[in-house]
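A.B. asks: One-letter residues, chain by chain:
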Amino acid sequence: DAGITQSPRYKITETGRQVTLMCHQTWSHSYMFWYRQDLGHGLRLIYYSAAADITDKGEVPDGYVVSRSKTENFPLTLESATRSQTSVYFCASSVRGASDTQYFGPGTRLTVL
Amino acid sequence: GESVGLHLPTLSVQEGDNSIINCAYSNSASDYFIWYKQESGKGPQFIIDIRSNMDKRQGQRVTVLLNKTVKHLSLQIAATQPGDSAVYFCAEKVMHQGGKLIFGQGTELSVKP
Chain A
126 DAGITQSPRY
136 KITETGRQVT
146 LMCHQTWSHS
156 YMFWYRQDLG
166 HGLRLIYYSA
176 AADITDKGEV
186 PDGYVVSRSK
196 TENFPLTLES
206 ATRSQTSVYF
216 CASSVRGASD
226 TQYFGPGTRL
236 TVL
Chain B
128 GESVGLHLPT
138 LSVQEGDNSI
148 INCAYSNSAS
158 DYFIWYKQES
168 GKGPQFIIDI
178 RSNMDKRQGQ
188 RVTVLLNKTV
198 KHLSLQIAAT
208 QPGDSAVYFC
218 AEKVMHQGGK
228 LIFGQGTELS
238 VKP
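Chains as they are written, first to last, in my numbering: chain A, 126 to 238; chain B, 128 to 240.
By construction, these hints were calculated from the structure, which means they are not laboratory data.
For every residue, glycine included, the Cβ atom is placed at its ideal position computed from N, Cα and C.
Any given hint might turn out to be false.
Only pairs whose alpha carbons sit at most 27 angstroms apart, straight line, appear in this in silico BS3-like list of lysine-lysine [stated by the list, open to error]:
1. K183/B / K195/B
2. K136/A / K183/B
3. K182/A / K195/A
4. K169/B / K182/A
5. K195/A / K169/B
6. K136/A / K195/A
Chain B residues, not near chain A, derived (Cβ > 10 angstroms throughout) [stated by the list, open to error]:
7. T137
8. G170
9. P171
10. D176
11. Q185
12. T196
13. A205
14. G210
15. Q232
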C-alpha cells in the first residue's frame with residue numbers, strides 16, 4: 126500500500142530555475158493539498174485541489190503553480206525559484222476535504238541557492 | 128483572527144510518565160480539531176481528532192480534551208514511550224476552503240529513558 130508519495134525527497138536548485146515537486150496518492154482521494162513547513166511558521170497551505178481540474182489558492186500561493194489533470198497526481202511547480210522558497214514541502218490528501226482527516230506524504234526538502 | 132498556538136515549545140518527560148501537550152485556539156467558530164505527530168524527517172501523522180460537540184475523546188494511550196469556554200485543547204499521552212518522541216501539532220480545521228488546516232507551531236516531546 127503505497128499511500129501518498131513525494132518525489133524527489135531532496136532537491137537543490139539555483140535561483141531563477143523552474144522546479145517541479147511531484148505528489149502521487151493511491152487512495153483515489155478527492156482532495157489534495159500542498160503545504161510548506163518553515164521554522165517559526167509551522168505548516169502553511171500553498172494550494173489545494175478538490176478534484177481533478179479544480180484547484181484553489183491557500184495561504185501562501187505566490188510563486189507557485191499547480192495542476193491536477195489526474196486524481197492521483199498533484200504536482201507543484203516553482204516557476205522561478207527564489208531563496209525564500211527554501212523549505213520542506215508536504216503533500217496531503219483527504220477523501221472529502223472539510224470533514225476528513227488529511228494524510229501527509231514524507232515531504233520534499235528543497236534548497237534554493 | 129484565526130490562530131492556533133501551543134503553550135510550550137519543548138516538553139521533556141520520563142519514560143512511563145504521562146505527557147500533556149497544550150494548545151490554544153482563537154477561532155471560536157471552528158468545530159473540528161486534530162492532533163498530529165511528526166517524527167524527524169517524516170510527514171505529520173494523524174493521532175486523534177475531536178469535534179466541538181465533544182469534551183473528550185480517547186484513543187490508544189492518547190486522550191484529547193477540549194475546553195470550548197477557554198478555547199483550549201490538550202493531548203494526553205499515557206505511559207509515554209521513547210517512540211513517542213516527536214513534534215506534536217494541534218490543528219484547527221476551517222470548514223470552508225476544502226478543509227484548510229491551521230497548524231500551531233508544534234511542541235517537541237522528548238522522552239528520557
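A.B. asks: Say whether it holds or is violated: D176/B keeps its Cβ farther than 10 angstroms from all Cβ of chain A.
C.D. replies: violated (6 angstroms)
A.B. asks: Need the status of pair K136/A, K195/A: alpha-carbon distance at most 27 angstroms?
C.D. replies: Satisfied, since the Cα-Cα distance of roughly 24 angstroms is no more than 27 angstroms.
A.B. asks: Please confirm whether Q185/B is truly not at the interface, meaning its C-beta sits more than 10 angstroms away from all C-beta atoms of chain A.
C.D. replies: Correct as stated: the minimum Cβ-Cβ distance to chain A is 17 angstroms, above 10 angstroms.
A.B. asks: Please work out if K169/B and K182/A have their alpha carbons no farther apart than 27 angstroms.
C.D. replies: At roughly 25 angstroms apart (the allowed maximum being 27 angstroms), K182/A and K169/B satisfy the hint.
A.B. asks: Could you let me know if the closest chain A CB is still more than 10 angstroms away from the CB of Q232/B?
C.D. replies: violated (5 angstroms)
A.B. asks: Quickly compare the C-alpha distance for K182/A and K195/A to 27 angstroms and report which way the hint goes.
C.D. replies: It holds: about 18 angstroms lies between the C-alpha atoms, which stays within 27 angstroms.
A.B. asks: Would the least Cβ to Cβ distance between A205/B and chain A come out above 10 angstroms?
C.D. replies: holds (22 angstroms)
A.B. asks: Holds or violated: is the Cβ of T196/B farther than 10 angstroms from all Cβ atoms of chain A?
C.D. replies: holds (24 angstroms)
A.B. asks: Confirm or reject the statement that T137/B sits farther than 10 angstroms, beta carbon to beta carbon, from all of chain A.
C.D. replies: Its Cβ never comes within 10 angstroms of chain A, the nearest being 14 angstroms, so this holds.
A.B. asks: Given the hinted pair K195/A and K169/B, is their Cα-Cα distance within 27 angstroms?
C.D. replies: holds (25 angstroms)
A.B. asks: Take a quick look at whether K183/B and K195/B sit within 27 angstroms of each other, Cα to Cα.
C.D. replies: holds (11 angstroms)
A.B. asks: Over 10 angstroms to the closest beta carbon of chain A is the bar; see if G210/B clears it.
C.D. replies: holds (18 angstroms)
Hints 2, 8, 9, 10, 15, counting from the list given before, are not met by this structure.
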